[in-house]
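Asks: Here's the letter readout for the chains.
Protein chains: 2
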Amino acid sequence: MNQSGNQCSRQGDKQTQWIREVHKETVCLGFKVEKLLFSGQSPFQKIEIIKTAGHGKMLLNDGIVMLSEKDEFIYHEMIAHVPLFVHPAPRRVLIIGGGDGGTAREVLKHETVERVVMVEIDQMVVDACREHIPSVSGALEDPRLELVFGDGVEYVKNSDETFDVALIDSTDPIGPATPLFDSVFYKNTADRLAEDGIMITQSESPFYDTEIQLSMFKNQRPHFKKLHIYLFSTLTYPGGLWSFGFASKKQCPARDLDEKRVHASRIKTRYYNAQIHRAAFALPEFTRENLAGIVDPVPAG
Amino acid sequence: MNQSGNQCSRQGDKQTQWIREVHKETVCLGFKVEKLLFSGQSPFQKIEIIKTAGHGKMLLNDGIVMLSEKDEFIYHEMIAHVPLFVHPAPRRVLIIGGGDGGTAREVLKHETVERVVMVEIDQMVVDACREHIPSVSGALEDPRLELVFGDGVEYVKNSDETFDVALIDSTDPIGPATPLFDSVFYKNTADRLAEDGIMITQSESPFYDTEIQLSMFKNQRPHFKKLHIYLFSTLTYPGGLWSFGFASKKQCPARDLDEKRVHASRIKTRYYNAQIHRAAFALPEFTRENLAGIVDPVPAG
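Sequence order for the protein chains is A and B. The working numbering puts the first residue of the first sequence at 1, with every later residue one more than the last. The working numbering puts the first residue of the second sequence at 1, with every later residue one more than the last.
Check each hint, because a few of them may be wrong.
Identical copies carry no separate label here, and so any pair may be met within one copy or between two of them.
What the hints assert, rightly or not - The calculated lysine to any residue pairs, modelled on SDA-like cross-linking and capped at a C-alpha distance of 20 Å, are: (1) 249 with 188; (2) 260 with 159; (3) 157 with 178; (4) 260 with 288; (5) 46 with 178; (6) 187 with 176; (7) 35 with 285; (8) 109 with 225; (9) 260 with 21; (10) 250 with 221.
Treat the hints as calculated values from the structure; they're not laboratory data. Keep in mind the model is a prediction, meaning the values are calculated, not measured.
Whenever a hint applies, use it, and build me the whole structure from the sequences.
Replies: Quick look at the structure:
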């Protein structure tokens, strides 16, 4: 234990700049910075893009890490490929949030997808990522994608379009994303989905955020037939282990995908594969207990 | 990004004490401290036990977090129950390292286990954990356990005892644990195992430590029939995702355990269960690629 200081740095290296995110006031994750590339204040939040020493470029909203180039593929592959390989024929995909473009990039790898509507509240996120993180934002130029700058809550209330899959690629339930965790938003999203529609929601840390999970899944329950949760790893969110909610309007074999279809798609991934898909639905005992009666068990396999 | 300082603390809270561990000089993990409970310099390393604000008591060797009370169950359940539920009848277990007692605690939950030999090089770790972290060290008093204070490398070279399972519960390959990653140690450990013996090795981060993994698995390969790697989550190691090597002297269905045996054991766990066991062997694409030809694929299931 370093008694004398509290820097995320070694002795003799006190000038080094780090970004750090304190979570629950008890745990902190820090990344060494090489250079600040962008800083701006939008109507919704402070947006920064930095070049880190070990994790590529990084996007932060209000000082909270949204993604790093080193590990963003995991989050984006897992939010997109799990529902798109489970749904029998996904053609129309709605993305709420996801301004960096990573979720759209993975969705658009699916040749079955004909149309993607992405509703991002904060244009500055998109503009900054287009300029500074093209490896993530590049797919936003795909002609199958319609980019709407607006409030996702209003969009699902007012649109009359039908989608096969909705991906709620939201930040934490603080600031502009708070209404994306409410029952009325989930109801309106369910109404936008076809009979066999699937909604995926960013559902926080199984270790640290049980209360948020309980609240959001209770808010989803009235509007969906089945609710599951699946897990993946990140380098940039506190605790490493993270989760997505999987809500389907009818009974749906969330875990038991057609492995041949995954191979036949020839989609190139760096984290996702058929084994990882199935494994992601296996829950630790403490998660099972925390969410017992709230999410539906997935049959063993 | 906090331009003005580099503390893991909020503004106005600059006196708060944090422990932090910098990894690869680019990423840092910090925990808020309430109290230093123990600090001592053994012949091998500096040993500290602290009470943290959010993660219970924590053991550090040379400033590196070994365990926290909040998440130690994951590491200890996964090092012990995976091989003990795969081995057909584990009676004799060797633990190298593991001075905190957590691995022994999980091993001794198995009624089939008749004898455990635990070889820990640093008595101060055991003494400090016995005094300050009884929730982890308590099982060290079990009469089935023989505690040997000595060098694990020498022990496997000189012993003529035979074991069913060997658990290499080592720190990183720096300091006293370095020889535990060498070929000669793996050969001597294999020699201590019965025909159907299994060796588990702490095998570092799939994100950050590929070079160590390549080296250690190459060193194991000549002495074992099958080598696998399996994954689990931690809160206290950089990146969250961590791994164990699974080495067996003969062909062994590492993944396909008898689920009924797990239930019949009535062993109480907080992370491990039969689904988690199977899921742990699913590897992300980047890990498959990093370790292609080095570890053996596990059949899909």
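Asks: Which of the numbered hints are not met once you compare them with the structure shown?
Replies: Violated: hints 2, 7, 8, 9.
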